[in-house]
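Enquirer: If you want the building blocks of each chain, they are given just below.
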Amino acid sequence: GAVVSQHPSWVICKSGTSVKIECRSLDFQATTMFWYRQFPKQSLMLMATSNEGSKATYEQGVEKDKFLINHASLTLSTLTVTSAHPEDSSFYICSARRMENAGYTFGSGTRLTVV
Amino acid sequence: AQKITQTQPGMFVQEKEAVTLDCTYDTSDQSYGLFWYKQPSSGEMIFLIYQGSYDEQNATEGRYSLNFQKARKSANLVISASQLGDSAMYFCAMSHKLSFGAGTTVTVRA
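Keeping their order, the protein sequence lines are chains A and B.
The first sequence runs 1 to 115 under the working numbering.
The second sequence runs 1001 to 1110 under the working numbering.
Because the hints were derived from the structure by calculation, they are not lab data.
All of these numbers come straight from a predicted model, not from anything done at the bench.
Below, simulated DSS-like cross-link-like pairs (lysine-lysine); rule was C-alpha separation at most 30 Å, straight line:
hint	chain 1	residue 1	chain 2	residue 2
1	B	Lys-1097	A	Lys-64
2	B	Lys-1016	A	Lys-41
3	A	Lys-55	B	Lys-1003
4	B	Lys-1003	A	Lys-41
5	A	Lys-20	B	Lys-1097
6	A	Lys-20	A	Lys-66
7	A	Lys-64	B	Lys-1003
8	A	Lys-66	B	Lys-1097
9	B	Lys-1097	A	Lys-41
Computed footprint of chain A on chain B, listed as stretches where at least three residues anywhere in the stretch have a Cβ under 8 Å from a Cβ of chain A:
hint	region
10	1044-1051
11	1100-1108
Virtual Cβ for every residue (Gly too), placed ideally from N, Cα, C.
Looking at chain B on its own, in the form it has when it is part of the complex:
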């Protein structure tokens, strides 16, 4: 069975600052993938970043980077230089059934 845990229900961040969203997971699979999605109030799911369990380097996509610590089973998302448009709900998810964590609501303040 898979389990994804996001312990931060909500976070506030000042514009232009960085924010780290926590995600820990549990799985018995040797090969798996970790995803982060952004969900604005419109409801659409926007893919942000992906990390494979065998990837040796942390994934980066523009202002998004994933701090992958396999031994600790954590896959934290770092958003750098926050923008007002980053305000949304953020979900950590794991393959293969794409199970989701509880989500973290990020509010960026001007």
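The shape of chain A in the complex, shown without the other chains:
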């Protein structure tokens, strides 16, 4: 079945530094990838949708310059949290879709802690 690998699974970084999270589809080409953020005991909030080779579409209220998304190939999308602050601490999870009517496959998530 479709597998999405997400790394790292957890990361601790200092305030002001940047962190890159990778989401890789291992056995299929993901035309679309989605990035979510989840606070404890809450729902997944969609941050942005990225299509290979084009700019990501960000949801309202998500800072484009802070959360940089790159979908350079059909198997890799990255989320970079720039100049991270403690309030950026959260669970980030990606999802990939092969085509319009295909199912969504999730990565295992990344727990980011900014100290």
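Assemble the complex: chain A is given as a structure, and chain B must be docked to it using the hints.
Expert: Frame of chain A, contents of chain B only:
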């Protein structure tokens, strides 16, 4: 715009009993898909069941079934014969951007 509503923050169910998780939605799309996911404490998202808006029959997957009432815009999940391992958070979601409801925490009691 899409909206998914799950009104049950938490539910308790006795082992071996069935439980119904409510989900209502709103969309202007004619064609859409509805999903249910399970999220245990590990954080992984586990796909449970899918219902297409044009599917005439309710979807079933093992112990999971989806009670789809299109006119009422509801897509409730039924888990039959609950097991202790079913304790988790459950999310209803809708394509095409895969928007999620607030989730329902299910706790199965022995």
